[in-house]
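So the protein sequences, as listed, match chains V and F. Residues 2 to 149 (our numbering) are what the first sequence spells out, left to right. Residues 1222 to 1544 (our numbering) are what the second sequence spells out, left to right.
Just so you know, not all the hints are guaranteed correct.
[Said to hold, decoys possible] Straight-line Cα separation of at most 30 Å, DSS-like style, residue types lysine-lysine; simulated pairs:
1) K1246/F - K1443/F
2) K1456/F - K120/V
3) K1329/F - K1231/F
4) K148/V - K1443/F
5) K1504/F - K1381/F
6) K1406/F - K1504/F
7) K1292/F - K1354/F
8) K134/V - K120/V
9) K1406/F - K134/V
10) K148/V - K1456/F
11) K1329/F - K1292/F
12) K1310/F - K1380/F
[To be verified] If you want the footprint, here are the derived chain F segments under chain V, 3+ residues with CB under 8 Å:
13) 1299 to 1313
14) 1405 to 1418
15) 1438 to 1452
16) 1497 to 1506
17) 1532 to 1539
Just so you know, the hints here were simulated from the structure itself, not pulled from any lab data. C-beta: ideal position from N, C-alpha, C; glycine also.
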Amino acid sequence: MQVNENKDFQPLIVAFCCNWCSYAGADLSGTNRLNYPTNVKIIRVPCSCRVNPMFILRAFQRGADGVILCGCHPGDCHYTSGNYFTRRRMTLLFSMLDFLGIERDRTRVEWVSAAEGAKFAATMNEFTEAVRKLGPNRRLEDLRCRKQ
Amino acid sequence: MQEAMINKAKQLLADGTVNRVIGWKRGEFAYDITPAVFETAEELEKEFIYDDFTAANVSKYLVKESKKEGKILAFLKPCDTYSFNQLTKEHRVVRENVYIVGIPGGPKLDAEKIKAKGITGILGVKNENYTLKIDTVYGEENMPFYEAILDKCATCKSKKHVVYDELMGEEGEVLDSTRFDMVEKLENMTAQERYDFWRGELSKCIRCNACRNVCPACTCEKCVFDNPNSGVENKAPADSFEENMFHIIRAFHVAGRCTDCGECSRVCPQHIPLHLLNRKFIKDINSLYGEYQAGEDITSRAPLNDYKQDDCEASVVHERGVE
């Protein structure tokens, strides 16, 4: 793994958050005045299983350096079983990205409940730092989308 | 074999069991055998071919054909029966409208491998004690039979027919295949090596969509890649992202449904080893969610349509050894 020494590098992180748990968790971390990096851009989805593998690839295409998918804890899904399907799909997708030689640390699945504001902030701080170390996403970007 | 198949087809047409036959006929060249539908005994007599180049899987054609009036006779090789069974499971074919005759499978020949030996102008081949006698416009040439077989046949997973109404020849068995060897070899490389390998392969892609069109699992009426808003609609890839996108998504859409028939790699005009992507998914599914062979039966749940409460977390990918 290449470690980027550039401390000024500001990664762009896309976080897909499920409406019922993680989005509320992010809200809670805000009302609790917890800090998490502004690099994280949240996209609200009805359920973590709404996230199509294409969404993740498209995020990387448009310049994301890391993509994190947050949903309810297994067993707590608002739609009963959505996150179980997410778990299988994302495991396979991440494994495929790894197989193609794309850094596996740029993608992650985390379970954050609506009560876990602190966990949300901690996860985002940690993930942003991990991606900052990896440096800009070069292996899965679309050159035409690169900002000048 | 060809003679016996024609006789069987004629007999079934004559007694009214079926009104059409799906088989193969010669394309532009002797090694270019293409699927075709026959309606009369005369057509069968004149054009029906089954030889060492007949590798095409006709299961996908049955999606449309089985919805027409009357029964159709289909000759299916063992690998084709897996595809057919998978389509039955997904309600894509009408099982009652197909009369399946199981025929012994390969190994089938790869014309590209013969051409790579510098043998051109192929008019026909004969297999004599595993020496391939190739009749060309420049005279007769020889090469060992097993050097000319398709990659997918070299790592054949099964000689067993999982579905049939009638069997020609003997019942085969599921083989102990070495099909995951190459996937394992890649997994043991470093991320940089894997990246270089796939860049080299996928950058050859011309987006002819042959892999998608031939795939018996890809039967959507409207494909995501035909959508102009997908960003990867039918055009040659503009950059490495589009190449990756197409191939990752293509493989992902058949994950858990791919029977590993190997047609995608066979038809690729650029010889990209696309089956490796599918096999990676199959291997992951086998190791993470239990052994599963798509098309083996029509009752089990597909791994991506199913879950267990104690499935592994996605972080297993991040915890693996090679970086």
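Evaluation of the provided hints:
A distance of roughly 29 Å separates the Cα atoms of K1246/F and K1443/F; the hinted pair therefore holds under the 30 Å criterion. The hinted pair formed by K1456/F and K120/V fails the criterion: a straight-line CA distance of about 44 Å is larger than 30 Å. A distance of roughly 25 Å separates the Cα atoms of K1329/F and K1231/F; the hinted pair therefore holds under the 30 Å criterion. Taking the CA atoms of K148/V and K1443/F, the gap is about 33 Å. The hint is violated against a cut of 30 Å.
A C-alpha spacing of about 21 Å is found between K1504/F and K1381/F, which places the hinted pair at or below 30 Å, so the restraint holds. Straight-line distance between C-alpha atoms of K1406/F and K1504/F comes to about 13 Å, which keeps the hinted pair within the 30 Å bound. Annotation: proposed proximity of K1292/F to K1354/F is violated, straight-line Cα distance about 39 Å (limit 30 Å). Between K134/V and K120/V, the direct Cα distance comes to roughly 21 Å. Compliance with the 30 Å bound is thereby established for this hinted pair.
For the proposed pair K1406/F and K134/V, the alpha carbon gap of about 29 Å is at most 30 Å, so the pair holds. Between K148/V and K1456/F the CA atoms are separated by roughly 24 Å; this keeps the pair inside 30 Å, and the hint holds. Of the pairs offered as hints, the one joining K1329/F and K1292/F holds, with about 28 Å between alpha carbons and a cut-off of 30 Å not exceeded. Proximity of K1310/F to K1380/F is assessed by CA-CA distance (about 21 Å); at most 30 Å being required, the pair is judged to hold.
A count of 0 residues in the region 1299 to 1313 of chain F with a Cβ less than 8 Å from any Cβ of chain V is obtained; the coverage claim is therefore unmet, three being the minimum. For the region 1405 to 1418 of chain F, the stated coverage by chain V is satisfied: 9 residues place a CB nearer than 8 Å to a CB of that chain, which reaches the threshold of 3. Check result for the region 1438 to 1452 of chain F against chain V: holds, 3 residues qualifying (beta carbon to beta carbon below 8 Å, three or more required). With a cut-off of 8 Å between beta carbons, the region 1497 to 1506 of chain F has 5 residues touching chain V; three or more are needed, and the interface restraint holds.
Judged by the Cβ-Cβ criterion of 8 Å, the region 1532 to 1539 of chain F is covered by chain V as claimed, because 8 of its residues qualify and three suffice.
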